Amino acid sequence: MSHLLTFALGLLLGAVAFTIVGALTAILVLTERKVGARIQGRVGPMHTGPQGSLQTIADMVKLVMKEDVRPARADAVAFGLGPLLVAVPAILSLAVIPFGGPLIMRDLNVGVLYFLAVPGVTVVGLLLAGWASYDNYSFLGGLRSSAQFISYEIPRGLAVVTVVMLAGSLSTVDLLEAQSRVPYIVLLPLSFLIYAITSLAEVNRIPFDIPEAESELVAGYHTEYSGFRWALFFLAEYAGLFAASAFGALLFLGGGNGPLLPAVVWLILKTSALMFVGIWIRFTLPRFRADQLMRLAWKFFLPLSLANLVLAALVMKAVA
Amino acid sequence: MGGMYLSDVVFLLGFALAVVSLPVFTLAAFSLLRPRHPESLKGEAYESGMPQASIPRRPFHMAYYNFALVFIVFEVETLLIFAIAPVLRDAGWWGLGEVASFVVMVTLGLAYAWRKGALVWK
Chain A
12 MSHLLTFALG
22 LLLGAVAFTI
32 VGALTAILVL
42 TERKVGARIQ
52 GRVGPMHTGP
62 QGSLQTIADM
72 VKLVMKEDVR
82 PARADAVAFG
92 LGPLLVAVPA
102 ILSLAVIPFG
112 GPLIMRDLNV
122 GVLYFLAVPG
132 VTVVGLLLAG
142 WASYDNYSFL
152 GGLRSSAQFI
162 SYEIPRGLAV
172 VTVVMLAGSL
182 STVDLLEAQS
192 RVPYIVLLPL
202 SFLIYAITSL
212 AEVNRIPFDI
222 PEAESELVAG
232 YHTEYSGFRW
242 ALFFLAEYAG
252 LFAASAFGAL
262 LFLGGGNGPL
272 LPAVVWLILK
282 TSALMFVGIW
292 IRFTLPRFRA
302 DQLMRLAWKF
312 FLPLSLANLV
322 LAALVMKAVA
Chain B
510 MGGMYLSDVV
520 FLLGFALAVV
530 SLPVFTLAAF
540 SLLRPRHPES
550 LKGEAYESGM
560 PQASIPRRPF
570 HMAYYNFALV
580 FIVFEVETLL
590 IFAIAPVLRD
600 AGWWGLGEVA
610 SFVVMVTLGL
620 AYAWRKGALV
630 WK
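So the protein lines, in turn, are chains A and B.
The first sequence begins at 12 in the numbering used here and counts up one residue at a time.
The second sequence begins at 510 in the numbering used here and counts up one residue at a time.
Calculated directly from the structure, the hints in this document are not laboratory data.
Please read all numbers here as calculations on a predicted model, not as lab measurements.
Mixed in with the good hints, there may be bad ones.
[Unchecked claim] Facing chain A, from chain B, some residues (calculated, C-beta under 7 Å): (1) G552; (2) A554; (3) F569; (4) M571; (5) Y574.
The C-beta atom is built at its ideal place from N, Cα and C for all residues, glycine as well.
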């Protein structure tokens with residue numbers, strides 16, 4: 012295939028990925044509000060559409076039509092770049108998730124590394140957004156958020172590397188084949204737990220939503236954002252939740268592998284189950300304090316994941 | 510291998526271009542529809558209704574620097590392990606021992622940072 016065609020295919024699939032994430036966010040926001048309402052004994056949104064089902068669509072229309080307010084002393088370029096650098100990597104990471112059969116946007120031979128590396132750019136966006144807003148809450152939120160992000164990136168990477176050790180490949184498609192008999196959650200349960208918990212921290216969700224701790228930081232790094240720019244942060248959060256869940260399903264739950272049903276259905280089922288747990292946790296647990304959060308990352312998860320590395324090496328020897 | 514790599518990069522360039530330009534386009538297109546009423550108070554930074562108490566361009570806590578340093582050590586460690594992980598299965602006990610000694614050395618670094626109090630968040 013000529014490079015021009017490949018480029019055009021990339022453009023097309025990029026547009027597809029953006030559309031999928033937009034639709035997904037609409038569904039996930041509604042699901043989250045409805046599930047949360049159920050857990051807390053409320054009914055959730057009810058007014059727009061039957062049972063409130065069109066609420067997020069209405070919200071999205073409202074958001075794009077809102078005035079774009081920017082603080083007078085904000086740095087215009089960095090203020091604009093911030094939300095983009097947060098949203099774009101989250102969407103880019105979808106490129107390597109195999110949805111079963113030929114349904115993968117690109118089977119990179121370094122797919123796993125790509126999935127971990129690309130969302131790493133997010134931290135730059137968080138810092139930029141917080142710094143550019145010229146607001147004390149934003150500034151502190153951006154700093155704390157980036158500190159949290161980099162701290163949890165390490166145990167997460169070390170948990171993923173154990174899967175790579177067992178599978179012997181960095182391609183996401185090969186990972187799937189390697190799990191055709193036993194999903195890795197059976198062989199590496201500790202890796203799965205570390206991955207699941209640190210992933211919540213990576214996408215800034217409760218109990219790790221320090222950057223947005225409303226009672227102390229208002230809305231953290233996105234305090235000064237409104238309208239569509241603010242929506243981009245939300246898009247990023249839900250794209251991140253989806254990508255992390257889909258990747259977790261792929262790494263540990265055997266992705267699209269399963270009897271009877273087609274692969275894509277299995278992947279969606281497993282991903283939804285993980286996302287549901289994420290939502291469930293959000294409405295169950297309180298938030299960590301900033302120092303507890305850092306202590307947990309460095310003094311618990313990091314040593315644990317290093318020990319897990321040794322454990323995984325032994326499992327690898329035992330399986331081989 | 511080389512040609513495959515190049516076409517992957519070309520694909521990702523197209524992919525990234527689409528994902529970057531769509532939000533930018535949406536933001537620009539809706540500027541035709543959305544209201545625009547600039548007012549001096551709207552330009553103020555939000556500080557719970559008070560005038561800004563301090564300038565947000567100020568030095569921040571030293572702890573961030575410590576954590577950033579330790580982060581670099583362990584991120585590079587993770588990356589190096591990623592490089593050898595796919596072939597570790599066939600590397601035998603000798604290869605495994607080499608990687609293990611590397612991990613132990615970096616773990617000593619963690620123990621050092623821990624003892625020096627670099628991992629305490631104040």
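**Study point:** Structure-inconsistent hints, enumerated in ascending order
**Key:** Numbers 4, 5, in rising order.
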